[in-house]
Each structure stands twice: as structure tokens, then as C-alpha cells.
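A.B. asks: This is what each chain is made of:
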Amino acid sequence: MGSLKHAFASLLLLVFLLPDAWAGGKAELPAAPVTAGAYRVTDALGRTITFQKVPERIVLAGRAVVMTVNAVYLFPEAQDRIVGIGSTDQGLGDFYPLLDPRAGQKKRFDNSAGPEQLAAIRPDLVILKSFMKEKLGDALESIGIPVLYADLESPGAFASDIRMLGDLFQDPARAAFVNRYYEARVDAIRKRTAGAPRPAALVLQHSERDGAAAFSVPPVGWIQTLMVEAAGGEPVWKTAGIGAGWNKVSFEQVAAWQPQVVLLISYQKPSPQVVEGLRGSGNWRARLAPFPADFYSWDQPDTRWILGLEWVAKTLHPELFADMDLKKEVSSFYRELYGLDQAVIDAEILPRLEGALAAK
Amino acid sequence: MSLLELRKVWFAHPGGRSVLRNLSLEIEEGSIAAILGPNGSGKTTLLDICLGWKRPARGGVFLTGRRLDGLSRRERGTLMSLVPQRENVRFDFTVTEYVLLGRAPHLRPLEAPGRKDERIAREALAAAGIARLAQRSIATLSGGEYQLMLIARSLAQSPALLLLDEPASQLDPGNQLAVIRLLKSLRSRGITVLYTSHNPQAAAIAADAIHMLKNGSFMVSGSPREVLTSAALEKVYGVPFRVSWEGELPQVQWDEREGIRRRRGRS
Amino acid sequence: MRRSDPRIPLLSLLLLLTAAASLLLGRYPAPGLISIGGLLRDPLAGRLVLMLRLPRILAGILLGASLAAAGTVFQMIFANPLVEPGFLGVSQGAAFGAALCIVAFSASPAVVQAVALVFALAGLALSWLLARAFRFGGWILRLVLAGIAVSALFAAGIGALKLAADPVRQLPEITFWLLGGLWSVTWRSLLFLLPPVGAGLAVVALLRWKLNVLSLDDRVAHSLGTAPERERLLLLLAATMATAAVVSVSGLVGWIGLMVPHAARRLVGTDARRALPAGMLMGALSILVCDDIARTVLPAEIPLGILTSLVGAVVFIVLMGTAGKRRGA
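Residue numbers (the working numbering), protein chains in the order written: chain X, 1 to 360; chain C, 1001 to 1267; chain F, 2001 to 2329.
To be clear, the hints were calculated from the coordinates, so they are not data collected in a lab. Beta carbons are placed, not taken as given, at the ideal position from N, Cα and C, and that holds for glycine. It cannot be assumed that every hint is accurate.
Computed beta-carbon distance windows for the label pairs [said to hold, decoys possible]:
hint : chain 1 : residue 1 : chain 2 : residue 2 : range
1    : F       : Ala-2133  : X       : Lys-269   : 19 to 25 Å
2    : C       : Ala-1126  : F       : Leu-2267  : 48 to 54 Å
3    : F       : Leu-2267  : C       : Gly-1174  : 34 to 40 Å
4    : X       : Ser-250   : F       : Ala-2133  : 40 to 46 Å
5    : C       : Arg-1086  : F       : Lys-2162  : 30 to 36 Å
6    : C       : Ser-1142  : F       : Leu-2298  : 52 to 58 Å
7    : X       : Gly-280   : F       : Lys-2162  : 31 to 37 Å
8    : C       : Gly-1190  : F       : Ala-2020  : 40 to 46 Å
With the rest of the complex left out, here is chain X (with noise of 0.2 Å):
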């Protein structure tokens, strides 16, 4: 008996591997003709992908898709060809429907929707974060879906996606702009910082879990850092942050380091509830000031960052950007990038930071 069930695997595995086997586990994507129209894009792993037209039924998944979708968002002709969103909802809310009218008519998934459930949408592009290649992007592309891998983690890699989204939809003009923007400001604050003594700044999570309070620094890697060092403030946690994630400090590690300024930020409270009730423990000797939080808070690889940049340059030397009003920065940047009016901005989004810029 074993042997026949071991003749029918034997049989099926004959019919159906061979064939596939040593086309390594991928359907080939039509090899594409360069005929008129076609052009390509080059994505943030390196790959390139023929289009014959601008893609008109784009899916945005994965984990952290959130950044994904806002930098999508940057382009005004992208809306109506997105017609799949996974979940981009931090606690704070959704942002984009602020800036889509039909943001409605998407179709929403889990950000652990598999292959086949993004497949039933009919996708004709996915576009997914590069740590989603393995987990999702491969499947995708073996049943022959195209997908294009965005990074978005650091302001070199942003520049460079936000390039490839404007090869994408055509539209080099704005992915210009986009980055100008961008660039304007960064080089504004490292050319006013640049002879100004730097103090010691820390960045620092706070988190509760069972009315214990916990404190993490973030891994030397990440946007937070080069914050920091690109706001002219000297990053003490350096020396801490080896691990892959938020690492874990405690309180007399805090105070050993003695940074003069300490950017707080929490994820599940508000932060300036936060700096309320740490101001007075009076343990603090620091100044402290919270991250600001629109939609997201700032202190994320999101477009916002550099709203985040901007205001941790204030924070850390408030008297070389006296000139600089948080409030206007915000509106130009909702404005410019975002298409925002000025009325929306005003009363969608300048009273959710009313806690963190008043304390400028």
C-alpha cells in the first residue's frame, strides 16, 4: 500500500514540477517588447520593471504600508489608480481620505492579507516595502502580478523612491519638487547648525504595559538618529542602541547619559500627557518636549519627517530658528506636497498638535 500512494505522489510530482522546477519557482512576466509607450522603472531593490502604461489598478499592502501610501499620496494623479489600501490607521486615524474623495470606493485589507486575497482585487501593480519581498512580493509575482519595492526608511532612500514613483506615473516634474522641497529645508538647517555647539539629545519611547512605565531608545539605524545628528544635536544613545528594535534603558542609564534635551515620544498616550506627568516626578533634569503627532507621529520614516527634522531643530536651538513658525511649515508643507487648503488644514490637522507646538 505505501507503495502505491508513493507511485500517485511520484506520478503528480512528474506532471506538475518538472515543467516549473528550474523556472525557479516564478512564472516569467511577459518579456516586454519595447514598443511605443513603454518605459521603465527601477525600484529601490534594484529591479526594473517594463510598463506599457501607466498602471491604472494599484494595490498598496504589506506591513507598514503606511508610509508607502503617503508617499504615493505625494503624487495628485496616483489617487484614482489606487484601488486596494491596507490598514494605515496608527491609533491616530486615517489621513488619506482627507485628500481623496473616493478614498471610500478602496477596497481595505489586513496588512496580513495573503497573495490570493490581493489577487482577487485584480491588482495590476502591488507596490510593497523592500522587507516584504520574500513574504509577499515573490508569491505576487509567480502568479504574474508586478510589483515594485519601495524603502522609504532614510531621506537618501525617500529621495530615491520618490524618483521611481515619478518615473512610475510618468510625472519626473513633481518627483523634482518633491524632493527640492525636501532637500531646501535639510540643507536650510545643516547650513544655519553648522559652527553652533551641539547638546546632548536623546531620543526616547515611553510605554506602559500594566501601569509599569518602560523606556527605549531607538537602534543607532534609524530615522530618529539621523534626525538628530541633521538638526545639529549630538545623539548620546548611540552606545545603546545595538539591538534590532526599540532597545530597552533604564532610569540611571537616562540620567548617566545627561542629555540636555530629551525628545519623547509615545505611541499609545498622547506625548504631551507624557512630559506632563514625567515634568512632575522631578526626576527630570533635562528639558523635555514631546514629538508632535498629526495623523502619525513625526519621529516616523513617513513623509513627515521632515516636519520632525524642522521641529527637532527648534527644539534643540531654539534661538537659531526663532524666525522658524511650526505652523506655517506645517500648513506649506500640507499645502505644497499635499494639496491641502489652507481651511482643511486648519481645521483637520493644526488642532490635533495644538499640545506639542504650543509648547514651542
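Using the hints provided, position chains C and F relative to the given structure of chain X.
C.D. replies: Just chains C and F now, with coordinates in the frame of chain X:
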């Protein structure tokens, strides 16, 4: 020609105590031999050495004239089979499946039993008188049925020599008789039998030759008439015995009354 | 076998039908079955079935068959109805390897599989070496104790790795791997599976009658002319090789290796000539059904290990409740 021969075998357990001392034994082909001795006299160890399961510290074991450790495992398995006193029953095989296991030494490494092996197993069941138990689960057998099944498995092995470790010691008289009858019938199938027992009566009825084991060597060996005397038995077991013969059938009894009388006399 | 027993051919047929149905089951274009017509009309559906579902179903069959076969081998050789194939440090070793890879190198499934396999075999080797060093009890007891010790060591390591892992990116990967699942199976991983699983299952299947003999006492096995230690080792190695390979692809999928051998013995009897193939078929069926549920019922994957534990626990309760009627006269 002697089928099995032990020459000057010594064996000690790790820890030093010598169990078998300078022990020699010859089993004639076609005979039924019994090894008698009290509990702990080394009977099981002796069987283990005959089987090749334990190696003697000194001396040699010879099967059909050849050194035992010179034979291949399979060859040894086709020549000699052990019926243990008891086995752990862990899985509920059917009796037929269990008896079929006896065919193992006759099969090549990757071979499974075929029709011929199944026929032999059926015949072994019939020879042991338990054909009616063929489809029963071995977990449901009584003590006597179980012993007969173990013998049937060894018969399926078609050995030249059958070793039995105290074959009837756990059985009631009715089953004891069945086992003894079966052993006697094996001679006509060309199977030589060697068994151990602590019960002289069982040895007396079935055996052609009896070897009495005491302190690691044979105190006396010979035919039942020669060996089974009250004096010899008392020397081995330390209690008085009464032996009487009715023609060929002996009656060996532990004389309890005499034993009690003597102790009363002493005290 | 005098009467031809229809149960094993029936199981084979059932497996074939279930596999065919599984090909049509999924979340495309909607949760549930796709019609054959729909399949033929839609090229994307065809690609999806061929590139995503088919390798996954085949891997599931191999997974179920391997776990059940290995479980049967282990239970008979150790004469213990409560052992399951991974307990000689293989499961925990693979888990440790996977966690180590995810935390220290990359979460790419191909790399994780390779590292998991290496550590699974290392777990077995460690158990073996440790068993030789122990001075307590017989061979089998020493091996069992060594397996427990090695598994505990690896489990401690896994705990440490979970602490060190990035809670956003890495910890979910590790947790998902530990709970088991076939979501990452591609044709390539199937190719990776075939040699060790094929060889392992072939050895076990060819020696399945010998397995009966090896379940006997050592002394009796010796009397029957077998070298019990050598042949047991060969069977253990073959079973473990298949187990390590499938575990490194699927993560920890528990209870199948423990329960299916029992259920198979209940169905066709203890003789491994029948119990082994029956077990392999039933194991494959169980995994197929669980995996179908895992990838169809919800938009996100349900880890396979959760479903097999659920099914396994229920089967266990049912088996214990209906104390199998011993086959009477």
C-alpha cells in the same frame, strides 16, 4: 553430534560476583534437556549465554560445532530461538501478527513476510494448539494462552534448537501440562529443546537429560532417574524431597511435612 | 493479507479527492471554491492554482505523511504512545535555528529553512551524544532523557531570542514561525523538501514490517536474529530526517505526529505494514484539511499549528473517550 556445546564457560556480573563457574554442557540433537536450579542460580544467565545475548568471560559457545560468535545474526536466528518467560506487551498486535514476527531471521533485510511465511505461522499456531486464537489481540490472552503463543512464535522461526526460560512456572497445572505435552511433541518435528526450570517435577516428566545447577556449575548431570534422587534434590534446594517412579513416570514432590518435622525437631 | 482490506485504498482515494478539492479552494476570486469553468477562463486563477496552491498542497501532503510516519516509527521504537517525532531535540532545534536566523540574519524563508534544518539535525546529534554520556537507565530511557534535556536547552535559547528580537519586525515573524504554517511554500521549497523526505519515507516504508520486530524487547529481537540497535537507529534517522526537513519549512506543527499514529492503529490495527501507510494517508489528509481552513476562512493566514492542535486535541479526547474495542475473537 552435539547441537549446542558450552565449554568451560565463566560469567560474572559487572560488580564481580561470579554467576557461572567453569561450566560445560553438551546438548544432543533431538534431545530434550532441562536445567534445574533454585531461583537466582544463574539459569537465565546461562540461557542468555547460549543465545549469544551475553558473552562469557572465559570459555566458548558452539552451535552445530561452530563458534557462536562466528555465525551471522540471521544464521543464528534460523538455528536457535528463545521463548522468554514474559515479555512486555506494548502494542495490541493480533496473535497471528505476533507469531509472524518469528519469521524475521528467514527474511532478507527489506523483505516482508509472504504467503509462505503466513502459512508457516498458521502451522505454528496449530502445532501449539491455539489456532482458534488467531485473530485475538495479544492483550486479551490469558497467561497460558500467552505462553503457548510465545512458543508458537518460536516454532514459526523453524529453529533447530528451542530455548525456553522457565516455560511453565507462571501457569496453572492444566496449562503446565499443555506446555509440557507440546515440548515433548517437538522431538518428532526435529526440534531440540533446552529449558530451564525451578520445578523438578516439570523437568522430570519432559526431559531426557537433566542438569542440576548449583553455585554456578552443574552439580550433577544425567538422565532423570540418575539425577532425581532425594539426596541430590535436597542438596540443591535445601529442602527434603520425595521421589517415586511409576514405570517411566516420575513423581517428584517437595516433602513439606518432613521439612516441618525436621525443623520442629531442631528447635 | 487474506482478505483485501479496502480501508487503505479508500483513504488514498479520499486523499486524492481532498487534494483536488483543495486546488479549487481559496480566497480568489472570493472566499470559497472556484468553479472549473472559472478556473479555465481566468489565466490569473490558473497561475494562482499552479504557482501558489499546488506546491502548498503537495507540501502539506508531505508534511502530514512525514509527521505521521515519524510518529509511528518513534512510538513503536520507544514503545511509548506519547512520543512525537520532534522530541529528540529536532522540533526545538529547528525552532531555535529559525529564531536565530530571523533575529541575526534575515527573515527570508529560504535562509530560515536552511538554518532551521541545520539546527534540527544538530538537536538530534546532541541528543544522541548526550545519551551516550548518560549513565542512567537503558539505551531507550537515556535517549528520551537526552531528548528532553536538549529540547529544554533550545527552548531556553528561543526565549532569549524572543527577548532580543525587534518587537515590530522580528518578533511577529518568530511567533508566526513557531505557530506553524505553509504560507511560504514555493516550488523551490518543495524541491528542497523532496530529497530528505523522499529518502526518509522510502526507508521507513520499506522497513515497516521490521518496525514490528523492533518494538519487541531487545533480547527477543536478538533471538530473532536482528541487530535491534542498528536497525532502530536507521529508522530513527530516516524518520528524523524527514521530520527535520518538513519542520524547517512549515514551522512547528504539533499533534499530528502524536495523534495520527494512534488513530491509524485504531482504524487498521497495530501491524505497521498497514498502520504506517494508513497513518501517512491520514496525516496528509489532516494537514490538507487544516491548511485549507488556515488559508481560506479568514483574509489573513491562521497559523497551521493552532488548527492542528485544535484538531489533535479533539481527536485525542474522542479516542480516549471511545476506548477502542479490542479486537475480540
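A.B. asks: What are the numbers of the hints that this structure violates, sorted from low to high?
C.D. replies: 1, 2, 5 and 8
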